Amino acid sequence: MPNLSFDYKLGRWYLYSQEGGEFLFTDNDTNTERLYGISSLSKYTKDAFHRKIVNGEDSTNPKLTGTKEGCREGDCGACTILVGTLKGGAVQYRAVNSCLLPLGDVNGSHIVTIEGLRQSGSMTQQMLTPVQSVMAECGGTQCGFCTPGFIMSMTGYLLSTLHPDEKSMLA
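Under the working numbering, residue 524 is the last one in the sequence shown; the count climbs by one each step, no gaps.
Honestly, the hints are just simulated from the structure, not real lab data.
Source: prediction; values computed, not measured.
Positions of the beta carbon are idealized from the N, C-alpha and C atoms, including for glycine.
There may be inaccurate statements among the hints.
[Said to hold, decoys possible] Derived lysine to any residue pairs resembling SDA-like cross-links, with alpha carbons at most 20 angstroms apart:
| id | residue 1 | residue 2 |
| --- | --- | --- |
| 1 | Lys440 | Gly461 |
| 2 | Lys421 | Met507 |
| 3 | Lys520 | Phe498 |
| 4 | Lys421 | Gly497 |
| 5 | Lys440 | Leu512 |
| 6 | Lys440 | Ser513 |
| 7 | Lys421 | Glu468 |
| 8 | Lys520 | Val487 |
| 9 | Lys440 | Asn460 |
| 10 | Lys421 | Phe498 |
| 11 | Lys421 | Met522 |
| 12 | Lys421 | Ala489 |
[Stated by the list, open to error] Label-pair ranges, simulated between beta-carbon atoms:
| id | residue 1 | residue 2 | range |
| --- | --- | --- | --- |
| 13 | Asp458 | Cys424 | 15 to 23 angstroms |
| 14 | Glu490 | Gly441 | 29 to 37 angstroms |
| 15 | Glu422 | Asn460 | 17 to 25 angstroms |
| 16 | Arg447 | Gly497 | 33 to 41 angstroms |
| 17 | Pro517 | Glu468 | 21 to 29 angstroms |
| 18 | Cys496 | Ala443 | 31 to 39 angstroms |
| 19 | Cys496 | Lys440 | 34 to 42 angstroms |
| 20 | Asp518 | Thr494 | 19 to 27 angstroms |
| 21 | Gly457 | Glu422 | 15 to 23 angstroms |
| 22 | Cys496 | Leu523 | 17 to 25 angstroms |
Input sequences plus hints: build the corresponding full structure.
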């Protein structure tokens, strides 16, 4: 039996589970957990740690420090992650505030945190993505607390826009 935890809050059931930065979701047909990896959409079963929301106060993985909880209201963006869903044979990503996102709402989705961003062809995270490079080169990091959220938002925009131009990027 999968290691799951449920909570009833504000009239809704929430599923809690997370392992090593790759998020687990329930498969209602087989009552098993499926893990969608950061680097691929392959499925495999693992045990889970408990988590209330995708980015909760009770983080159980000390290795994932990039996605921050700033305001817990969805305003600051420090908690931004990418949520990918399969549409038309391709994964489409959107940037989402994880502090407000119940894990059950991303059932079957591909979740990418700032730790999961990799330069194409890089097996390690030593190479910066183009968005990360521009942020560093142009001094866009400020104090650094919300920088991962900025990077995830910009990456989400670039992944969701077929032909971005300067005018639309500045809007």
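inquiry  = Is 34 to 42 angstroms respected by the C-beta to C-beta distance linking Cys496 and Lys440?
reply    = Because 37 angstroms falls inside the window, the suggested range holds.
request  = Verify the proposed pairing of Lys520 with Val487, using a straight-line Cα cut of 20 angstroms.
outcome  = holds (17 angstroms)
query = Does the Cβ-Cβ separation between Arg447 and Gly497 fall within 33 to 41 angstroms?
reply = Given range 33 to 41 angstroms: violated, Cβ gap about 24 angstroms.
ask   = Is it true that Asp518 and Thr494 lie within 19 to 27 angstroms of each other by Cβ?
value = holds (25 angstroms)
task = Using the beta carbons of Pro517 and Glu468, state whether their distance is inside 21 to 29 angstroms or not.
result = About 24 angstroms separates the Cβ atoms of Pro517 and Glu468, which means 21 to 29 angstroms holds.
request  = Quickly compare the C-alpha distance for Lys520 and Phe498 to 20 angstroms and report which way the hint goes.
outcome  = violated (27 angstroms)
query = Within 20 angstroms, alpha carbon to alpha carbon, are Lys440 and Leu512?
reply = holds (14 angstroms)
request  = Would you mind confirming whether the straight-line C-alpha gap from Lys440 to Ser513 stays at or under 20 angstroms?
outcome  = holds (12 angstroms)
inquiry  = For Lys421 and Met507, compute the direct alpha-carbon distance and say whether it is at most 20 angstroms.
reply    = holds (17 angstroms)
ask   = Are Gly457 and Glu422 spaced within 15 to 23 angstroms by their CB atoms?
value = holds (19 angstroms)
request  = Would you mind confirming whether the straight-line C-alpha gap from Lys440 to Gly461 stays at or under 20 angstroms?
outcome  = holds (12 angstroms)
key: Range hint compliance [Cβ, Glu490 to Gly441, 29 to 37 angstroms]   = holds (35 angstroms)
Checked against the numbered hints above, the structure violates hints 3, 11, 16; every other hint is satisfied.
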